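Novice: Modelling step: build the complete structure from the supplied sequences, incorporating the hints.
Mapping to my numbering: the sequence shown position 26 is 26, numbers consecutive.
FYI, nobody ran anything at the bench for these hints, they're computed from the structure. Everything numeric in this text was worked out from a predicted model, so none of it was measured. All C-beta atoms, glycine included, are put in the ideal place defined by N, C-alpha and C. Keep in mind that a hint or two might mislead.
[Said to hold, decoys possible] Calculated cross-link-like contacts (lysine-lysine; reagent style DSSO-like; alpha-carbon spacing at most 27 Å):
(1) Lys43 - Lys166
(2) Lys43 - Lys8
(3) Lys9 - Lys166
(4) Lys43 - Lys9
[Said to hold, decoys possible] Derived DEER-like restraints, expressed as beta-carbon distance ranges:
(5) Asn122 - Arg94: 42 to 50 Å
(6) Val93 - Val136: 17 to 25 Å
(7) Glu123 - Asp99: 37 to 45 Å
(8) Thr6 - Val136: 19 to 27 Å
(9) Gly124 - Asp99: 40 to 48 Å
(10) Val172 - Asp64: 34 to 42 Å
(11) Val93 - Leu41: 20 to 28 Å
(12) Arg156 - Asn122: 18 to 26 Å
(13) Glu95 - Ala163: 39 to 47 Å
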Amino acid sequence: MTNHFTDKKILVVGGSSGIGEATARAFAEAGAHVTIASRNLSKLQSAASRIGHHTETAILDTADDSAVQRFFREAGGFDHVVVSAAQTPTGPVRELPLDDAHQAMNSKFWGAYRVARHVQINEGGSLTFVSGFLSVRPSTPVLQGAINAALEALGRGLALELASSKVRVNTVSPGLIATPLWDGVEESARQSMYEKAASTLPARTLGLP
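Specialist: Here it is in structure tokens:
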């Protein structure tokens with residue numbers, strides 16, 4: 001990143017680990033004033049310590065519309081906002097409990113929708129969502145790909161809706177990245193998943209945040 005971000009006010013929702021934390025670190029190292037937000041205070045504090053640069057933290061549950069509204073009312077405007085937060089339980093359509101499917105959609109899609117609904121972004125700023133490659137390369141289980149596709153459609157629509165306010169909206173769609181998101185997968189299964197994914201890539205290596 002260049003010094004275009006010096007003294008800019010940045011919010012990374014889901015900035016306590018993985019891609020979100022790496023994004024927050026890059027902004028902080030570029031001289032921005034960074035706030036990372038998530039539901040877990042201890043993870044936020046640990047991430048802020050790793051990032052350094054006086055990174056601030058904020059408790060934010062994107063599943064709670066009133067909490068999201070209150071947060072942005074009190075925080076004021078931001079120059080750039082990145083949304084990478086999501087808890088997305090998944091499984092075969094006929095086996096995954098419907099409540100879990102609703103939770104996954106509520107977390108990743110509706111969480112981003114709530115942020116977009118209430119956030120104040122300064123003129124010339126940007127809103128960025130993090131989706132994933134399963135939106136265009138479907139695999140099983142199917143839920144994650146469906147949610148990512150919905151999120152990308154939201155991003156394209158918002159890009160048109162917010163253009164008159166001189167706010168850019170983009171969606172980043174990474175492939176499989178080795179982040180703490182996968183820590184809940186049994187180690188041998190996780191390693192097998194990583195190796196299988198890497199074997200399909202020209203570089204034969206997995207992405208890191």
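Novice: It remains to establish, for every hint, whether it holds in the given structure.
Specialist: Comparing the hints with the structure gives:
no.	hint	verdict
1	Lys43 - Lys166	violated, 34 Å
2	Lys43 - Lys8	holds, 24 Å
3	Lys9 - Lys166	holds, 17 Å
4	Lys43 - Lys9	holds, 21 Å
5	Asn122 - Arg94: 42 to 50 Å	holds, 47 Å
6	Val93 - Val136: 17 to 25 Å	holds, 19 Å
7	Glu123 - Asp99: 37 to 45 Å	holds, 41 Å
8	Thr6 - Val136: 19 to 27 Å	violated, 35 Å
9	Gly124 - Asp99: 40 to 48 Å	holds, 41 Å
10	Val172 - Asp64: 34 to 42 Å	violated, 25 Å
11	Val93 - Leu41: 20 to 28 Å	violated, 35 Å
12	Arg156 - Asn122: 18 to 26 Å	holds, 22 Å
13	Glu95 - Ala163: 39 to 47 Å	holds, 42 Å
Checked against the numbered hints given earlier, this structure breaks hints 1, 8, 10, 11; the rest are met.
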